[in-house]
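Residue numbers (the working numbering), protein chains in the order written: chain A, 1 to 168; chain B, 1 to 194.
Check the hints yourself; a few may be wrong.
[As the list claims (entries may be wrong)] Pairs of lysine to aspartate or glutamate, EDC-like flavour, derived with a Cα cap of 20 Å:
#, chain 1, residue 1, chain 2, residue 2
1, B, K100, A, E142
2, A, K160, B, D141
3, B, K100, A, E163
4, B, K99, A, E51
5, A, K11, A, E51
6, B, K100, A, E51
7, B, K99, A, D159
8, B, K100, A, D120
9, B, K99, A, D120
10, B, K99, A, E142
11, B, K100, A, E117
Just so you know, the hints here were simulated from the structure itself, not pulled from any lab data.
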Amino acid sequence: MALSNEIIKQKLSEKFGEDLTGWEEPYGMLTFSSNKDLNLKVLQFLYDDPELQFRFLTDICAVHYPEKKGEELAVVYHLHNLIDNIRIRFKIYTDINIPDVFSASALYSAANWMERETYDFYGVNFVGHPNLKRILNVDDMEYFPMRKEFPLEDQTRIDKDDEMFGRS
Amino acid sequence: MPRPVQYNITEKPIETPIGMVEGPEGFTGEGFFASKLSDVVGLARKNSIWPLPFATSCCGIEFMALMGSHYDLARFGSERVSFSPRQCDLLMVMGTIAKKMAPIVKQVYLQMAEPRWVLAMGACASSGGIFDTYSVLQGIDQIIPVDVYVPGCPPRPEAVLDGFMKVQDLVGKESLRRRNSDRYRELMESYGIQ
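Make a model of the complete structure from these sequences and hints.
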C-alpha cells in the first residue's frame, strides 16, 4: 500500500505521541512541528523507518516571526521520500536570544551548506555543525540580513532622498 | 504590406576609404615635423585602448552587441579585448557588483599597469541601480576610482560608444605627469591603494 499522509501521521504519533504538534496539510503537504530539542530524533526516525524512508533533504530554511515571543525563529525542514514521491515539512521554533538548534549535517550531508546559509541569513546557531560560517554574504558582515529588524536597503548610501520615494 | 525601406537606398560615395585620425598640432617643414611628445603619446594611447571587460549581467550583453559588427568597437582601435589585466588600459565594469565580488574587482584593477582607466557602464556599476540592498555594492566608485560613467539600464551600445569616446578624450588630453602628481597619489590613497 502506498504511503499516504495519514500513515505518516499515524506512525509519527505512535512514536512521538503528544510531542508533535501543529498538524496541518496546506495544499496536501503534511506539515507538523515539534520541540526544538527533538529535531534530530524526529529526523532520524523519518530517515530510518523502513516505510517512511525520508532520505532526501530538499531544503532547510528559517522564518523570522518578530511577534511570536519566545519562538521568533522557525527552522523548516523539507523532506522528500523519493520512492513514494511524498514530501513533508517539519518545523521547529526557537527563541531568537538562544538560537541553538542541533545540526542535521551528520544525518543529511546536504544539510551542511543549507545550515550555513540559514546561519548566514538568520543567525541560527547549529550545534554540532563542522564548519558553521557565512556562505553567501561577505565574511565581515556583522548582522543577519533577513531578520526583520534590519532594513533591506544598504545603509551606506547617502544620496537617496526619502521624500523622493514617498517614505518620509 | 511590406515595411518601406528607409535606409541605404541610395548609394553614397565613400569620402575617405580608410578612417584616419588627425595628426597632432605641430611645426612642419621639409623632411621634419616637430610636435609635443605628450600629444604624440596621447594620440597613440587613445587610439589603441585595450579594454578589459568585467561583465557580470545584462550590461555585458549590450557590450557583446557593442563588440559585434553592427556597432563595432574595433573602429576605435579597441578590437583587442583582453582578459589579462596586466596588458589592459581600460577596465570596463558592466553590471551589478555584489559586495562579495568587490575585492575581485579591486584586485583586477590593481593588477592592471599604469596608466589605467575605468569605465562604469550602467546604473548598477555606477550607483547600485535598483539593487539598493544589503548584498550589492552601491557603485564601484566605493572601491576604485572611475573615469567615465555611462548611465542607462542597460545603456544602448551607442551610449557606451559615447562613453568610450569620452575615455578617449581623457586619454588623449592627459598630462604625462598626472600619474606622478601628488593629487593622483592622494586619490589612490583615498582608495587605500599603495
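Hints broken by the structure, by number, lowest first?
3, 4 and 6
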